[in-house]
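Asker: Given next are the chains, with one letter for each unit.
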Amino acid sequence: MTGRQRVVFYLLLAVVAIGLPWIDNSFVLTTTIAALYLAYQALAWNLVGGLAGQFSLGNTIFIGAGAYTSTYLFVKFGISPWIGIWAGAAIAMVLAYLIGLLTFRLNLRGLYFAMVTLALAEMAQVLVENMPALGGAYGLLIPVRGTDIAAMQFESRKVYYYIVLAMVVGAAALMTFIQRARVGLMLDGLRENENAARAVGVPVVRSMQLVFALSAFLAALGGSFMAQYTLFLDPKSTFAWTEAVLFLLPAIVGGTRHWSGPVIGAFLLEVVSDSARLAFGASVKGLPQIIFGIVVILVVMRTRGGIVEWFVEVWHRRRTGDPLAKKGGNASA
Amino acid sequence: MQSVIAQALVDGLLNAGILGLAAVGLTLLFGVMRVVNFAHGELLMVGMYISYALFTTFKIHPYLSVFIVVPALALLGIAMYRFLLRPLAGAPESSQLLVTLGVSMVLQNVVFATFGADFRSVMVPVSTDPYMLGPVVLTAARLYGFIVGMGACLGLYLFLRFTDFGVVTRAAVQDPQAAALSGIDVDKVLVISAAIAVGLLGLAAAWLMPMVYLSPSVGHTYLLPSFIIVILGGMGSVRGAIIGSIVYGLSQSLGAVVVPGSLGILVPLILFVVLLLLRPSGLFRGTV
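Going line by line, the protein sequences match chains A and B.
In terms of the working numbering, the first sequence has 682 at position 257, counting the first letter as 1, and numbering is strictly consecutive.
In terms of the working numbering, the second sequence has 180 at position 181, counting the first letter as 1, and numbering is strictly consecutive.
No lab work stands behind these hints: they were computed from the structure.
No experiment lies behind these values; they were computed from the predicted model shown.
C-beta atoms are modelled at their ideal positions from N, C-alpha and C, and glycine is treated no differently.
Mixed in with the good hints there might be a few duds.
[To be verified] In silico EDC-like cross-links for lysine to aspartate or glutamate, where the CA-CA straight-line distance does not exceed 20 Å:
#1 A:K501 x A:D659
#2 A:K661 x B:D117
#3 A:K501 x A:D573
#4 A:K710 x A:D659
#5 B:K187 x B:D163
#6 A:K710 x B:D117
[Said to hold, decoys possible] A few chain A positions that, by computed beta-carbon distances, are all more than 12 Å from chain B:
#7 T456
#8 K501
#9 V569
#10 D573
#11 I574
#12 F579
#13 A597
#14 D659
#15 D699
#16 I719
[Stated by the list, open to error] Facing chain B, from chain A, some residues (calculated, C-beta under 8 Å):
#17 Y537
#18 A544
#19 V551
#20 I677
#21 L703
#22 K710
In isolation and in its complexed conformation, chain B is listed as follows:
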């Protein structure tokens, strides 16, 4: 039992890396443009299909595909901002939510029409290479996913906290008008933020590829967890999203071991509802 718990702890922590990548993008989008992006899971899914197509046609290793997937998704993010979200600036919260919902339906079903609903996977050596840590077994893919995911999350955090662009971004979030008056090009900040937020999904997609089965509906598997993480951590807080993803990852893997049957899935959901009721603003406030 002890080794089972230890395994669950490690698994949960490792999952947190990739979940964190999806969640920091979501929280950044919310922080800088108050957009609740329901297409987040589908954008991740599209990234995974690009990575998959590159692997099957050109035999490009998923990890190398980031050089194509990340720019591709960043462009998608910019396009979404330019053509759908910017025109809706100032509209009620629900308008932007609905537009991203529309985008998610279109993306999911375009992929469905192109690739069908079959489950697909990419088997590369890292998918199965084991590392032993005492009684705990972890595959290389999960370990690398954690390292890259957490690394990128921390990188974003440090970037927003300590660089000039980070200061400018935070200023634009706190008070767009005052920021514009002090000479900040708010629109540019938003474009770059959209590119970063969606581009990070490309990173997540490439590192997920060797360890999951891919289908057009895979996006939804990540949507609710990302939202839960973002709300847990405090909407708009990158630091909160990182902590939130660890809390979520651990509650998910421990729940699966401790609670019988598929009821384990309830653990993170209950945790979410309870935390929301006790502390609706989340664990952290602010942009970083």
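Same shape as in the complex, but just chain A:
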């Protein structure tokens, strides 16, 4: 796209995104909020899972840290969630720093990192279940206040829509900023070849810890948002490993190299699962998950880096008529 096309495209996208609540259809609004939240958490995961290439299965720890902190502060002390979410995000960053200290410094990568984070998420669930102050296994209920701005509660879903939309924009901007910053180049290097990157002086562990902490920060904000949106929170569904997997699927399906990957992946999965639900109703249980599974298998088998990259490749091939052409006519796509 040329510069002007790009501006027009982003303007159109902004108009659609901002104007969507005027459709005034609660199903569309609810579905879009769900898709945006999925996109947001996928963007958060992508900082460490995509940019740093470390397959975290423990993002639920940070989502839970955010959700439980803001909820606990509000329920027990009446502290506004607007303050609580930052406390939760800070705690999540500290946790990410400590986990990073244990894992990255000791060279636990790939599968080992995935397994440690999975085990830690399981531990987090057991710990919360055994803490009466956090509601134990039953969880916490947030008292309903109607529309109360200080309590971050709104009767109209539209407000939640704009909040989560802003969060997605923020996360996408942060991802793009990291990619263009010095640390983005370092991450590219260490993802492709860690030893080579280290040899030329890339601070491998520090770069990983930075994006891990930022990923935790975003995940925690999202967790607090979700808790305020559903007004309920329990350890089993917060820390379930299926949740951790759910939030990385959009990035895998869409692509990890550009912010649009996780977003498009999230909308695709949401649309697919909702149409399946509408078409077959409740008669086929688990159908959305079956389709998710098949989509994941197909994307991994058929494309190299998710749908966005595949689409860009096909588009360039068609435009140039060269079956081997890639973006920009070189191998950098």
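Given chain A, put chain B in place with the hints provided.
Answerer: Same frame as chain A, but now just chain B:
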């Protein structure tokens, strides 16, 4: 208290038999094809549902169902290798991990759609027949599970260590190219390994049936423990998986007795994290 500890020790040891069966399959898959199989727990679960369906429709005793469940799962393993894992040979580690993750989602939810989420169980005499060992009580099902599980694990170990096929397999693992050059059909080795690794889950499924409640999410209960065992023992090491399953089984049952509440579950997890930090390569190296 002493008898409680003794009971926990015996329980832990007995659990290790079945856990070991799941773990040796996982470690074999990793050893021979560098595949991290996230569908392992779900394949076990599918085996258990086949065994359950055979029991409810034809009244086949779960132990006899192995003659159907093991071949069925071995075929599933071969299909998974042929259509999903072989085409991804040479792709990054995460691709294969994600494909098996996709398979696990599909399997779990296909079973969910077919059987629903209700808990099911098979009651046969071995489920409750008690054996007394001093103050310790053990049901026949657990004892048989241990004997069969450990027996099969040791059998696999000896098979890989002392038979010609074992030598060929280890060669294919160490250096696939050199093995192919010396006339070894590496692809055949991988097919057979996939069949053995997943087939062993059929054995585990049949012997688990009389002693557990079955639901579509039961696979996850075995996934993390199997991974922990495999990493504890050293990835790819069958011997390590056997020792690892005993360590895991004991830490799990002792943890449940010694630590109050459901916090006991933390014991094997903490043990895992600490061991991983101290010795990331696991207890053993090598293929067997």
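Asker: State for each hint whether it applies.
Answerer: Outcome of the hint check:
1. Using a Cα cut-off of 20 Å, the hinted pair K501 of chain A and D659 of chain A holds, with the two alpha carbons roughly 16 Å apart.
2. Restraint check for K661 of chain A and D117 of chain B: satisfied, since their Cα atoms lie roughly 18 Å apart, inside the 20 Å limit.
3. For the hint pairing K501 of chain A with D573 of chain A, the CA-to-CA distance comes to about 17 Å; that is within 20 Å, so the pair holds.
4. Between K710 of chain A and D659 of chain A the CA atoms are separated by roughly 23 Å; this puts the pair beyond 20 Å, and the hint is violated.
5. Distance check on the hinted pair: K187 of chain B and D163 of chain B sit about 14 Å apart at the alpha-carbon level, within 20 Å; holds.
6. Annotation: proposed proximity of K710 of chain A to D117 of chain B holds, straight-line Cα distance about 13 Å (limit 20 Å).
7. Look at T456 of chain A: its CB is around 20 Å from the nearest CB on chain B, clear of 12 Å, so calling it non-interface holds up.
8. Against the 12 Å criterion, K501 of chain A stays outside the reach of chain B, whose nearest CB is about 22 Å from its own CB.
9. For V569 of chain A, the non-interface assignment is confirmed: its Cβ lies about 30 Å from the closest Cβ of chain B, beyond the 12 Å cut-off.
10. Its beta-carbon lying about 36 Å from the closest one in chain B, D573 of chain A satisfies the requirement of being farther than 12 Å from that chain.
11. No Cβ of chain B comes within 12 Å of the Cβ of I574 of chain A; the nearest lies about 39 Å off, and the non-interface call holds.
12. At roughly 34 Å from the closest C-beta of chain B, the C-beta of F579 of chain A stays outside 12 Å, upholding its exclusion from the interface.
13. Even its closest Cβ contact with chain B, about 22 Å, leaves A597 of chain A beyond 12 Å, as expected for a residue assigned away from the interface.
14. For D659 of chain A, the shortest C-beta to C-beta distance to chain B comes to about 15 Å, beyond the 12 Å cut-off, and the non-interface label holds.
15. Residue placement check: D699 of chain A keeps its beta carbon more than 12 Å from all beta carbons of chain B (closest about 16 Å).
16. Not every beta carbon of chain B lies more than 12 Å from that of I719 of chain A, the smallest distance being close to 6 Å; the non-interface claim is violated.
17. The interface hint given for Y537 of chain A is met, as the beta carbon of that residue sits about 6 Å from the closest beta carbon of chain B, less than 8 Å.
18. Below 8 Å, beta-carbon pairs count as interface contacts, and A544 of chain A has one with chain B at about 5 Å; its hint therefore holds.
19. The beta carbon of V551 of chain A is positioned within 8 Å of a beta carbon in chain B (closest approach about 5 Å), and the interface hint is therefore held.
20. The restraint placing I677 of chain A at the interface with chain B holds, with a minimum CB-CB distance near 6 Å, inside the 8 Å limit.
21. At about 17 Å, the closest approach between the beta carbon of L703 of chain A and any beta carbon in chain B exceeds 8 Å, and the interface hint on this residue is violated.
22. For K710 of chain A, the shortest C-beta to C-beta distance to chain B is roughly 5 Å, which falls under 8 Å, so the interface hint holds.
Hint check: violations occur at hints 4, 16, 21; the rest are consistent with the structure.
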